[in-house]
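Peer 1: Please construct the entire structure, taking both the sequences and the accompanying hints into account.
2 protein chains.
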Amino acid sequence: MGLLKKEAVVMLSGGLDSATTLAYALDAGFDCYALSFFYGQKHRSELAAASRIAAAMGVKEHRVVEIGLGAFGGSALTDESLSVPMEPQKGIPITYVPARNTIFLSYALGWAEVLGVGDIFLGVNAVDYSGYPDCRPEYLAAFETMANLATKQGVEGPGFKIHAPLIDMSKAAIIELGVSLGVDYRQTVSCYMADELGRACGRCDSCRLRREGFAQAGIDDLTRYR
Amino acid sequence: MGLLKKEAVVMLSGGLDSATTLAYALDAGFDCYALSFFYGQKHRSELAAASRIAAAMGVKEHRVVEIGLGAFGGSALTDESLSVPMEPQKGIPITYVPARNTIFLSYALGWAEVLGVGDIFLGVNAVDYSGYPDCRPEYLAAFETMANLATKQGVEGPGFKIHAPLIDMSKAAIIELGVSLGVDYRQTVSCYMADELGRACGRCDSCRLRREGFAQAGIDDLTRYR
Numbered sequence: 053m054g055l056l057k058k059e060a061v062v063m064l065s066g067g068l069d070s071a072t073t074l075a076y077a078l079d080a081g082f083d084c085y086a087l088s089f090f091y092g093q094k095h096r097s098e099l100a101a102a103s104r105i106a107a108a109m110g111v112k113e114h115r116v117v118e119i120g121l122g123a124f125g126g127s128a129l130t131d132e133s134l135s136v137p138m139e140p141q142k143g144i145p146i147t148y149v150p151a152r153n154t155i156f157l158s159y160a161l162g163w164a165e166v167l168g169v170g171d172i173f174l175g176v177n178a179v180d181y182s183g184y185p186d187c188r189p190e191y192l193a194a195f196e197t198m199a200n201l202a203t204k205q206g207v208e209g210p211g212f213k214i215h216a217p218l219i220d221m222s223k224a225a226i227i228e229l230g231v232s233l234g235v236d237y238r239q240t241v242s243c244y245m246a247d248e249l250g251r252a253c254g255r256c257d258s259c260r261l262r263r264e265g266f267a268q269a270g271i272d273d274l275t276r277y278r
Numbered sequence: 053m054g055l056l057k058k059e060a061v062v063m064l065s066g067g068l069d070s071a072t073t074l075a076y077a078l079d080a081g082f083d084c085y086a087l088s089f090f091y092g093q094k095h096r097s098e099l100a101a102a103s104r105i106a107a108a109m110g111v112k113e114h115r116v117v118e119i120g121l122g123a124f125g126g127s128a129l130t131d132e133s134l135s136v137p138m139e140p141q142k143g144i145p146i147t148y149v150p151a152r153n154t155i156f157l158s159y160a161l162g163w164a165e166v167l168g169v170g171d172i173f174l175g176v177n178a179v180d181y182s183g184y185p186d187c188r189p190e191y192l193a194a195f196e197t198m199a200n201l202a203t204k205q206g207v208e209g210p211g212f213k214i215h216a217p218l219i220d221m222s223k224a225a226i227i228e229l230g231v232s233l234g235v236d237y238r239q240t241v242s243c244y245m246a247d248e249l250g251r252a253c254g255r256c257d258s259c260r261l262r263r264e265g266f267a268q269a270g271i272d273d274l275t276r277y278r
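Chains as they are written, first to last, in this note's numbering: chain E, 53 to 278; chain R, 53 to 278.
By construction, these hints were calculated from the structure, which means they are not laboratory data. A few of these clues could be false.
No copy labels: a pair is met if it fits in one copy or bridges any two.
Unchecked claim - The calculated EDC-like cross-link candidates involving lysine to aspartate or glutamate, where the alpha carbons are at most 20 Å apart (straight line), are:
#1 K204 - E190
#2 K57 - E228
#3 K112 - E208
#4 K112 - D79
#5 K213 - E190
#6 K204 - E59
#7 K204 - E228
Computed from a predicted model, the values in this text were never measured in an experiment.
Peer 2: See below:
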């Protein structure tokens, strides 16, 4: 197999981290294919944000895959019988969705192989989300190893590389990076319970992390709160 | 976390191998949750077979998850523009679906974690499907390693185990095992191009392997051909 084009599949949720990751990949010279998922999450306005961001940043293509993750339940993000907590949580939080990043990355892997693309970017972060096992570097390394055994492109070469450029960054550092790359954070939605217009609750764990990030970065938080 | 119940998630396509794997898991004393996928495969009658088998064998629950795999294309099993070949193929065949087993196993992992089940069975086989990278033992071992880093149940214990009891067996040996466990192979559909009644073409690679298996086992092949 010949050289790969400098193209990447970028997982784009519509939140602050994934928008910054897309800007990072574009700045690094990759033509980008953006991949979003509707998995029964309550904050569907994230997806509208993903579409706005994909269009504004000029990706080659943006696909939204609807997947049946909510059918299994087990997370406050997808299960109507569980509430999103308003306090910081210890250990693995109830907003953890079982195997979510593994399912997402598996789809990204499948699409990347069909496209003949070897680079996959995602915006996971081990600082703010230390309670999520599938946001840790050792998990991503194990996924990459598995991916290169799982696929034709992995076995026959040139393989796949998983990029998580934000993994060790604080929220403030991510925001500073994004602003320097021209990300318009008003387009992003981080809130676990955003309303249909994409306005944030201002109280959930994700809103709190985002607000603190802007404050620490000394950058005006233009997030639309309801 | 306490001891796990003796329960398993079993991937059930409706074909010969997965039906045998389900029989094997039941015989080993597991209560079983059967998981099937509709992923745009042309041979949808496989799913009807999966439902019949799940009911006949007495699983605790059978779920069919519809996933958007066909949207990416790239395989003769899902892409209308590619034909299923009638001759044995060299290397990685065109019926290979990019990242298919990885996506399937990721869903099985998510469901298993929600259920609190640690054992996942699948009917992959490295003998007949040596051309598929995601049917090899080293791939399954890498998936298991990744799964135990990806999940709450993996990190906090007691973890996950991936079982592929057929991996080193010939088709004839699989059929002998299944018959000894009472599997009714008339209920299974292996053909890549089965008609809506589940009748096989008798000519595709999958039909050829199946027919040779019955012949080698010296067992009457009651497969319904059209």
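Peer 1: None of the hints should be skipped; say for each whether it holds.
Peer 2: Hint check:
1. K204 - E190: between (24 Å within a copy, 14 Å between copies)
2. K57 - E228: neither (29 Å within a copy, 49 Å between copies)
3. K112 - E208: Neither: 26 Å inside a chain and 40 Å across chains, both beyond 20 Å.
4. K112 - D79: Answer is within: at 14 Å inside a copy they meet the 20 Å cutoff, but 51 Å across does not.
5. K213 - E190: both (14 Å within a copy, 19 Å between copies)
6. K204 - E59: So K204 and E59 pass the 20 Å test inside one copy only (18 Å; across, 33 Å).
7. K204 - E228: The answer is neither: 39 Å in one copy and 32 Å across copies each exceed 20 Å.
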